[in-house]
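Protein chains: 2
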Amino acid sequence: MDFNNNNKRNELILAIDIGGTSYKGALVNKNGEIIYRYKIKAADYGSNEKFLLTIFNLISKLSKKTKLNNQKIIAMSFSVPGAIDTDNGIMKYSNNLKLENLNFKKELIKKYNNLPIFMLNDANAATLGEARKGIAKNYANVVFLTLGTGVGGGIIINHKLYAGSQFMGAELGHMSIDINGKLCTCGRRGCFEAYASAKALVNYTKEGLNKYKDSKMWDEINNDINNVNGSVSFEALKKHPNDLGAKEVVTKYIRYLSEGILNYCNIFRPDIILIGGGVSEQGDYLVKLINDYCKDYNYGFKSTPIPIIKTATLKNDAGIIGAAYFALDNLK
Amino acid sequence: MDFNNNNKRNELILAIDIGGTSYKGALVNKNGEIIYRYKIKAADYGSNEKFLLTIFNLISKLSKKTKLNNQKIIAMSFSVPGAIDTDNGIMKYSNNLKLENLNFKKELIKKYNNLPIFMLNDANAATLGEARKGIAKNYANVVFLTLGTGVGGGIIINHKLYAGSQFMGAELGHMSIDINGKLCTCGRRGCFEAYASAKALVNYTKEGLNKYKDSKMWDEINNDINNVNGSVSFEALKKHPNDLGAKEVVTKYIRYLSEGILNYCNIFRPDIILIGGGVSEQGDYLVKLINDYCKDYNYGFKSTPIPIIKTATLKNDAGIIGAAYFALDNLK
Numbered sequence: 003m004d005f006n007n008n009n010k011r012n013e014l015i016l017a018i019d020i021g022g023t024s025y026k027g028a029l030v031n032k033n034g035e036i037i038y039r040y041k042i043k044a045a046d047y048g049s050n051e052k053f054l055l056t057i058f059n060l061i062s063k064l065s066k067k068t069k070l071n072n073q074k075i076i077a078m079s080f081s082v083p084g085a086i087d088t089d090n091g092i093m094k095y096s097n098n099l100k101l102e103n104l105n106f107k108k109e110l111i112k113k114y115n116n117l118p119i120f121m122l123n124d125a126n127a128a129t130l131g132e133a134r135k136g137i138a139k140n141y142a143n144v145v146f147l148t149l150g151t152g153v154g155g156g157i158i159i160n161h162k163l164y165a166g167s168q169f170m171g172a173e174l175g176h177m178s179i180d181i182n183g184k185l186c187t188c189g190r191r192g193c194f195e196a197y198a199s200a201k202a203l204v205n206y207t208k209e210g211l212n213k214y215k216d217s218k219m220w221d222e223i224n225n226d227i228n229n230v231n232g233s234v235s236f237e238a239l240k241k242h243p244n245d246l247g248a249k250e251v252v253t254k255y256i257r258y259l260s261e262g263i264l265n266y267c268n269i270f271r272p273d274i275i276l277i278g279g280g281v282s283e284q285g286d287y288l289v290k291l292i293n294d295y296c297k298d299y300n301y302g303f304k305s306t307p308i309p310i311i312k313t314a315t316l317k318n319d320a321g322i323i324g325a326a327y328f329a330l331d332n333l334k
Numbered sequence: 003m004d005f006n007n008n009n010k011r012n013e014l015i016l017a018i019d020i021g022g023t024s025y026k027g028a029l030v031n032k033n034g035e036i037i038y039r040y041k042i043k044a045a046d047y048g049s050n051e052k053f054l055l056t057i058f059n060l061i062s063k064l065s066k067k068t069k070l071n072n073q074k075i076i077a078m079s080f081s082v083p084g085a086i087d088t089d090n091g092i093m094k095y096s097n098n099l100k101l102e103n104l105n106f107k108k109e110l111i112k113k114y115n116n117l118p119i120f121m122l123n124d125a126n127a128a129t130l131g132e133a134r135k136g137i138a139k140n141y142a143n144v145v146f147l148t149l150g151t152g153v154g155g156g157i158i159i160n161h162k163l164y165a166g167s168q169f170m171g172a173e174l175g176h177m178s179i180d181i182n183g184k185l186c187t188c189g190r191r192g193c194f195e196a197y198a199s200a201k202a203l204v205n206y207t208k209e210g211l212n213k214y215k216d217s218k219m220w221d222e223i224n225n226d227i228n229n230v231n232g233s234v235s236f237e238a239l240k241k242h243p244n245d246l247g248a249k250e251v252v253t254k255y256i257r258y259l260s261e262g263i264l265n266y267c268n269i270f271r272p273d274i275i276l277i278g279g280g281v282s283e284q285g286d287y288l289v290k291l292i293n294d295y296c297k298d299y300n301y302g303f304k305s306t307p308i309p310i311i312k313t314a315t316l317k318n319d320a321g322i323i324g325a326a327y328f329a330l331d332n333l334k
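Taken in order, these protein sequences are the chains called F and E. Heads up: the first sequence begins at 3 in my numbering, then just goes up one per residue. Heads up: the second sequence begins at 3 in my numbering, then just goes up one per residue.
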């Protein structure tokens, strides 16, 4: 029996994805495989202390598991929403968590003093996860766009996460595509996020419903406009390709989304553009619509390769797996 | 005497910057210093053959010089306008040179069979030159924008040139900032190039002159609108800060330019944004105007570092020096 090899197989990363509604913890092996997971509902804390206690509790649940199995945790890594100082392990600001300037790494080191500790922004973690273990794993240069409440994402250059100066880069939702357009929450006008988020899609759908009282979209929501979500227009159009309302909504959304994607094609000429977040559940149907729009506007026309566009595969595990890879990359 | 060291000092890159009006050749040492240069006016050729003869002639002039000085050319490297297949050394298409699918590398190898040969797009070459030998040399992540007839540029990630899939990336002028806006030569609407090029600035200046018949801009052009160039509005405003016409033109141009720059700040969060091309001759005056515009709109406000903005320093030598560094990087 090769003990050395066995030891290596038992070396694990304890990875935690801190989300708005839950904290997902997992033990991840060196192949990026989740071998055990444990989830806690996000606590209704009002202080840094309560937040820390919840995290310590989750760590304790996970580490107990490893002791039973004679496994060893070699690092901890965290996917964190908001502005993170990755180098110093400080959670500078998180709107979701209502935390400010929490020296998270210092608190963790106090308690787990022998372990290397890493943390990175959740969008970057998801990007790294998708790029290493997901459908983009064989591509060197990846632009990852998440279409959820907002538009986030990340950049992989030559298989490595690119996060810009002070790890504050890749705010891919805050590229203006219409400088005279809608006011964005960031203070600028016309941000990609304001036009291509699931939230924007919901608004287009509501407008479409109000305009087309006979649209089949009404069937999707049981005639109650409060039931609108990002899939309503797509689902109605799949079933009824001639529905004017659904067609108008989807066409509008695809135009905005594709214009942003075309920008990223021209800027990065990536090997692949990967789409995640709620809207990505439309899968190949969505990809076909984007490709149909983009094929006529790609810069350089036929002499320029059109990037492959795919929807993300890891979904809710992307953050945990990405956090684990971030630790593995930086342990080397 | 250290012969080995001396030999190394005498190892040179023969670099050629193929431009629209001239071909600039140089011998560049391993420190990126030009030690000899020779320029030929661009020939009025109608064929690949004539183009090649002109290049061979330039190479011959430069290599004769090295023989006199007991120096050794260790590689040739070319900065080429248009679409280049860098891996295979094929000039796929150049609008300026009226060349198509010229297997440039193959022709060069036929004649200079012992030398490694490299070539890259002129915007990428200039980016690499500025990033290694120019004012950006101490920064890891650089966005370089050239504001000339068009808007070009390039990207440096972690001190290395990023050129995307098949070296076709970083068309930084073809990011739409107004998808309902002006039609661009590329077929899309609202490209950054259509708003922030020197050509766009010339158009704004002409509009301003026609609107403000008493503007001091008229003095700058001797009352002849055919004399308008990209510096007219800036020069008038420097001398007459209250001139309404000059102010309107410069304000309009700075807004478009800054909105594009803000996009690149949010996408890359680079350590530095470097501005080259004709408009960059406005130097610190230009940079101050951009900074004043950008400071209120940088994503994340005070928690996000605003990149340093500077104007490029190598100017016409950037392409040659960048081509030389591209060879040096790839010889290693």
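To be clear, the hints were calculated from the coordinates, so they are not data collected in a lab. Predicted model, so just to flag it, every value in this text is computed and none were measured. Positions of the beta carbon are idealized from the N, C-alpha and C atoms, including for glycine. One thing to keep in mind: the hints can contain errors.
To be verified - Counterexamples of contact, computed for chain F against chain E with all Cβ distances above 12 Å:
hint	residue
1	N160
2	M170
3	S178
4	R257
5	S260
Claimed, not checked - As a list, the in silico DSS-like pairs of lysine-lysine whose alpha-carbon atoms are at most 30 Å apart:
hint	chain 1	residue 1	chain 2	residue 2
6	F	K254	E	K312
7	E	K162	F	K162
8	F	K312	E	K312
9	E	K184	F	K297
10	F	K74	F	K215
11	F	K162	E	K184
Hint check results:
1. N160: violated (8 Å)
2. M170: About 5 Å separates M170 of chain F from the closest Cβ of chain E, which leaves it inside 12 Å; violated.
3. S178: violated (6 Å)
4. R257: violated (8 Å)
5. S260: Given a closest Cβ separation of 10 Å, the condition is violated.
6. F:K254 x E:K312: Outside the cut-off at roughly 39 Å; violated.
7. E:K162 x F:K162: With a Cα-Cα distance of about 13 Å, the restraint between K162 of chain E and K162 of chain F holds, given a limit of 30 Å.
8. F:K312 x E:K312: violated (38 Å)
9. E:K184 x F:K297: Within the cut-off at roughly 20 Å; holds.
10. F:K74 x F:K215: violated (61 Å)
11. F:K162 x E:K184: violated (36 Å)
Hint compliance for this structure: hints 1, 2, 3, 4, 5, 6, 8, 10, 11 are broken, all remaining hints hold.
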